[in-house]
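Enquirer: Residues per chain are reported as follows:
Number of protein chains: 4
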Amino acid sequence: MGKKVLITGFDPFGKDTVNPALEAVKQLDGIVVDDVEIIAQEVPTVFHKSIEVVITAIEKHQPDVVICVGQAGGRTQVTPERIAINIDDARIPDNQQNQPIDEPVYADGPAAYFTTLPVKHMVLAMKKAGVPAAVSNTAGTFVCNHIFYGLMHYLTSNAPTVRGGFIHIPYIPEQATDNGAPSLSLDTIVQGLKAAAIVAANEREDIKVIGGTTH
Amino acid sequence: MGKKVLITGFDPFGKDTVNPALEAVKQLDGIVVDDVEIIAQEVPTVFHKSIEVVITAIEKHQPDVVICVGQAGGRTQVTPERIAINIDDARIPDNQQNQPIDEPVYADGPAAYFTTLPVKHMVLAMKKAGVPAAVSNTAGTFVCNHIFYGLMHYLTSNAPTVRGGFIHIPYIPEQATDNGAPSLSLDTIVQGLKAAAIVAANEREDIKVIGGTTH
Amino acid sequence: MGKKVLITGFDPFGKDTVNPALEAVKQLDGIVVDDVEIIAQEVPTVFHKSIEVVITAIEKHQPDVVICVGQAGGRTQVTPERIAINIDDARIPDNQQNQPIDEPVYADGPAAYFTTLPVKHMVLAMKKAGVPAAVSNTAGTFVCNHIFYGLMHYLTSNAPTVRGGFIHIPYIPEQATDNGAPSLSLDTIVQGLKAAAIVAANEREDIKVIGGTTH
Amino acid sequence: MGKKVLITGFDPFGKDTVNPALEAVKQLDGIVVDDVEIIAQEVPTVFHKSIEVVITAIEKHQPDVVICVGQAGGRTQVTPERIAINIDDARIPDNQQNQPIDEPVYADGPAAYFTTLPVKHMVLAMKKAGVPAAVSNTAGTFVCNHIFYGLMHYLTSNAPTVRGGFIHIPYIPEQATDNGAPSLSLDTIVQGLKAAAIVAANEREDIKVIGGTTH
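Protein chains in written order, with the working numbering: chain A, 11 to 225; chain B, 11 to 225; chain C, 11 to 225; chain D, 11 to 225.
In isolation and in its complexed conformation, chain A is listed as follows:
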């Protein structure tokens, strides 16, 4: 029987008018590869509202795996995140002008949740597909980490057999024409996310390969 992957992308935030995360997941919506069906969902770049939208989509679609995707302007690689931390510390306001500083995502939650996705296997699959990729050990402290933490908090309590995680993606070239920042084309990002989603759906255990960082 096939697996179902719910993949979410944020609407644009800050000074950006496009969010490659949303553009990328839209391109994956409805595709079926290797018996894995991918369903895309737009989420707002807003604290807490973003989590509510993910939970509603989980309840509706009953996926096997949930992957939230967000933009990490300045990164050069597609980076599955290892851990979500219980902190909201916004450098800029979200799309509804919320700017929490050093507040927990959930006051009664643990300090952090590890992803339940096989991040090193996902990285390997992306590299094989020709996509620059690496495990990241911080999803920051903005809405990206927030939705990731909220997702893992929900799954742990309400759907422990559903696995979840987060992937950060770089700018696309159109966002980087003037600022000197690194970027990857939307097509490269889509290929990476597709390869990662298939592995996430099919592999419950991660592989043991070197992929840590000294700092």
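Please keep in mind that the hints were generated in silico from the structure rather than gathered at the bench.
Heads up, some of the hints might be wrong.
No distinction is drawn between identical chains; accordingly, a pair holds when it is met within one copy or between any pair of copies.
[Stated by the list, open to error] Straight-line C-alpha distance at most 35 Å; calculated DSBU-like pairs for lysine-lysine:
1. Lys36 - Lys138
2. Lys218 - Lys25
3. Lys138 - Lys25
Given the coordinates of chain A, work out where chains B, C and D should sit on it, guided by the hints.
Expert: Below, chains B, C and D alone, put in the same frame as chain A:
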């Protein structure tokens, strides 16, 4: 009554023959500033042994605050760490050839511990002292994160009134003559650590200022 | 009457097994856009031989414009070069094990030649096409600068009505899967080079826009 | 008989309120080391005026060597420049609101002048002194390149036995407390400039060591 700060530094690791963390904390050993006494302790760059040495020093010196210091080659700033995570994932072997991959620091420990030091206040104090500084949200997955996690795990169970944290420091110029990496002089680092240690000793609550990262 | 652009790409050098410069110019070979015909030519990554191949191709094709293209691993943008300097200073050997250190390209040549291409207009056209681009003020001191200098030296003496220049391009993603370096997809690079080539063919004068660097 | 080195530093420019170049050269003013006397001179960050001030100081002090020093915010190393190019292309206005775009420094000057200082030997001496250093192949297109070009143009025509060059230095820590940029302490920079000045005074020929860049 005065406060006591125990500050630790690693011996050199990897291809480096000097560890600025150790050199810096040595210079702070025995000084008393603003009624705060600083005691330095060398620790080995070895999984678990490093934690044992810290614990022994805590039991001996009975400090109010413990700050572990490690090198983060490539960073431009002195960076107090926000969170320690329960993972050992070594990109290179430690000084006794241990190279754990994706193992927990403690199998029965929580996913992470937040520092109990006022990291944003420490950053502010360092900036006022003219030292480039910022809060970091990842201490990596090597011995630096390991000792930080081990420290917080010990304090939580055995000495909950003692506060603890970790500070990453850049290369010193002597390590960066050829590799193009950023560096800060030992004197700048020492001034930064001193300013941070005094604030850590005197301030139980952090200040609410912007200091998060979007990713 | 149409214009003819000769565009050259190096074969792979150093540890790389592919050179995106060559892959990109191959895709442009034979296309005609806006009355501009593009002819591609492979050149060896070898001091002096590379210049000979360019000169032979110029004599054969009689182009209006010559653009040499080379890889600049680590850059994030497609970068037309402003100036070629009279120095060979090789950090690594070329593909025939030549490694000149601080020797002139031509002992009787001037210190430098400015490009005769409208580099800022080319940058503007690339940005409009969604391609990250900027003027660069150094082509380095390896075979890229060497062929650029040799080209301008030849054109100045032998074909002063033919205009010439050099464009550096980033890695493609396939080269950057593991090293963390920035990259742009081959398609993005090809679109950039095409836009730049058309402007180079059609515009003799550059536009006056800000595009310098403080250092 | 001793040698005399004239070393110049710019006043602050752009948004900076201090220029480490000026602070550094002030500390070298009047010192005599290894039979080399160093004389410091402040220069304005203004196109053309800066050159006039240097020429006046040369005529007054009759040095053997002239080294202009400027700030290159963002660099990690002290970088002697290899070549000055005949272009003014200002990204920001100078301190008198001049902002030339793609104009020659001197309309009748050659495209470029190579430094007449032994830049690789200077780099070696700085590294031996523990100072991060490298040869740079571009001094940019702002007042730094401008004064360097003007200096070499003057010396070539009017004082061909006097040798000249330019050294770019990084930010100092006080400028980088908030922006995440790399920096070197003023003391490290002063030690580097001193080591470089002594070699510049005593060595007419450069050493043949690898120090080029592929791009």
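Enquirer: Starting from the hint list further up, note which numbers the structure goes against and sort them upward.
Expert: No numbers; nothing is violated.
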